[in-house]
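Student: Protein chains in written order, with the working numbering: chain A, 1 to 316; chain B, 1 to 316.
Among the hints, erroneous ones may be present.
Stated by the list, open to error - Pairs of lysine-lysine residues, derived as DSBU-like cross-links and limited to a Cα-Cα distance of at most 35 Å, are as follows:
| no. | chain 1 | residue 1 | chain 2 | residue 2 |
| --- | --- | --- | --- | --- |
| 1 | A | K166 | B | K112 |
| 2 | A | K86 | B | K171 |
| 3 | A | K269 | A | K166 |
These are calculated hints, taken from the structure and not from any lab test. Here the structure is a predicted model, which is why all the values come from computation and not from measurement.
2 protein chains.
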Amino acid sequence: MLIITLIAPRISQEEDAHGKPSSSFHGNGQPDPDLWSTPSSTSMDHLEPRRPKLMFNDTLHNADYYMQEAKKLKHKADALQDKFGKAVNYADGALSFIECGNAMERDPLEAKSPYTMYSETVELIRYAMRLKNFTSHSATVAEKKLAVLCYRCLSLLYLRMFKLKKDHAMKYSRSLMEYFKNSAKSSQAPSPWGANGKSAGTPSPMSLSPSPVSSVSSSSGPLVSSSSSASSSSGSVAIPQRIHHMAASHVNITNNILRSYEHWDTADKLSRESQAEFFQDLDSVMDPLTQQSSMTELVRYVRQGLHWLRIEAHLL
Amino acid sequence: MLIITLIAPRISQEEDAHGKPSSSFHGNGQPDPDLWSTPSSTSMDHLEPRRPKLMFNDTLHNADYYMQEAKKLKHKADALQDKFGKAVNYADGALSFIECGNAMERDPLEAKSPYTMYSETVELIRYAMRLKNFTSHSATVAEKKLAVLCYRCLSLLYLRMFKLKKDHAMKYSRSLMEYFKNSAKSSQAPSPWGANGKSAGTPSPMSLSPSPVSSVSSSSGPLVSSSSSASSSSGSVAIPQRIHHMAASHVNITNNILRSYEHWDTADKLSRESQAEFFQDLDSVMDPLTQQSSMTELVRYVRQGLHWLRIEAHLL
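One chain only, chain A, in its complex shape (with noise of 0.2 Å):
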């Protein structure tokens, strides 16, 4: 139902909603939404730094405000033509769906889930990188900085996500590293350590046999390529359903934490290459983002980088 409503660009009603004075801020540190839609370039930029400090409030608002917050956003998005501010306000509604995310999880009687919340902003932002190519060669420096904030979003919301189910991904690997040990010890599988040539001769720091865990550990990636160049894996095994479902959810959960590490390196490889400086900048005007921050400081950091991205592309 929502989802319809969402498609159709509803700028009427938006400007009714936001009629405020140009100069004024929303609570969470927003400058106001009307002022992004202007395309030609203001003189703010000559009136304040370069890259002035966004004041953010600490009021905490209930998760339908954010989720009212986002909507507008996203609805000048959906109005926009130009791709590069159509993006940036695709990523700050993310932001405001982050915000509303994190609301859920702080009220207990909240009924939806946060996890949901998290993925469809995954997807809002996966959505949003599309419509140009943010890291391609021919991107501009402008792109390219939008994509390090949004990987950085990317990454931080897969690892929210990953925490919130983990105690059931670690109720999963316990019994399937059972699993598979029994089913190892069974099988005529290659002896892990005949397999892992690594291992071969590695003085043990244990007085004692290695453990299980630790020995099939370390021989997880052979134990792979010993098995793809076996005759047997051109067959099939039969197990359980319950290891069957279970394996799914588990890899559905871990999937999170590995799209975590692997964007997290891609924003700090593009961070790197070309935009050090306002990066620089960033970091010293708010905490460096870690894998450590908080939903709320991940908001105003990238919130922060998309108003200087404003003020540099003349979208304020």
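Start from chain A and add chain B according to the hints.
Tutor: Relative to chain A, chain B alone:
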């Protein structure tokens, strides 16, 4: 082979190896091991500040150097009777094994596997922690401090092991997600949307229908719970040998990151409980440990902590 040689305490050889003035420090910042086995208190802690900072030497040695250091410390621990002193020295030995693994990572010509070195070091630390129940109510304050230091080591070792293999895990994850997505389509599994009560009616940030990934992810919990109650869960599923091996490897690699978070949380909880002041001092003298800390930062932080534990327990 070496496992056997490590079992036998070789005190005499060590006495030779450590004929240094009692005030001397190793390059790696360890007080002379000969002193640690002295059971009675020395006047050292009256001659210097209560919690003196160790001097750390930045000289990089090769893997063999740290291996020899580690063996000396391990032999020392093997020879001790007092379980706390024994555990402290095993932990210190583990730090040298970590330095050894780190040196293996630095040396492109190093034939041995840092992953195996780290996983065996995990086993050594777990062995040391099994000497006594360091986390029980009956544990002394010193024992709990040691447990916190050991959990930090375990957490960052598991994290490093995960990072060493995460590219494999990412590759397996993509293939497994694809496989389970298709198998879910073909199976009679209940719709994630129907199954996931929490996601029902959640406003979607997207104008587009959710991607398979996010929709499957958000239903990972329910997918399992519904299956376990489903009659089909009693049956079994035939999966390709290749997928079976891949899933086993994927579980083994991702188990590392799950353990890493588990032990990190345990260390946080345990240090807050009773040892806050000790670790506040440690954080102020050293850089506080984070999940971004390098192996070198870990080793120095924990070695400094072990030094203070020795002083407080009169093991110096």
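Student: Decide, hint by hint, whether the structure agrees.
Tutor: Here is what the structure says about each hint:
Taking the CA atoms of K166 of chain A and K112 of chain B, the gap is near 32 Å; set against the 35 Å cutoff, the hint holds. The straight-line distance between the Cα atoms of K86 of chain A and K171 of chain B is roughly 33 Å, inside the 35 Å bound, and the hint therefore holds. With a C-alpha separation of about 27 Å, the suggested pair K269 of chain A and K166 of chain A falls inside the 35 Å cut-off, and the hint holds.
When the structure is compared with the earlier hints, no violation turns up for any of them.
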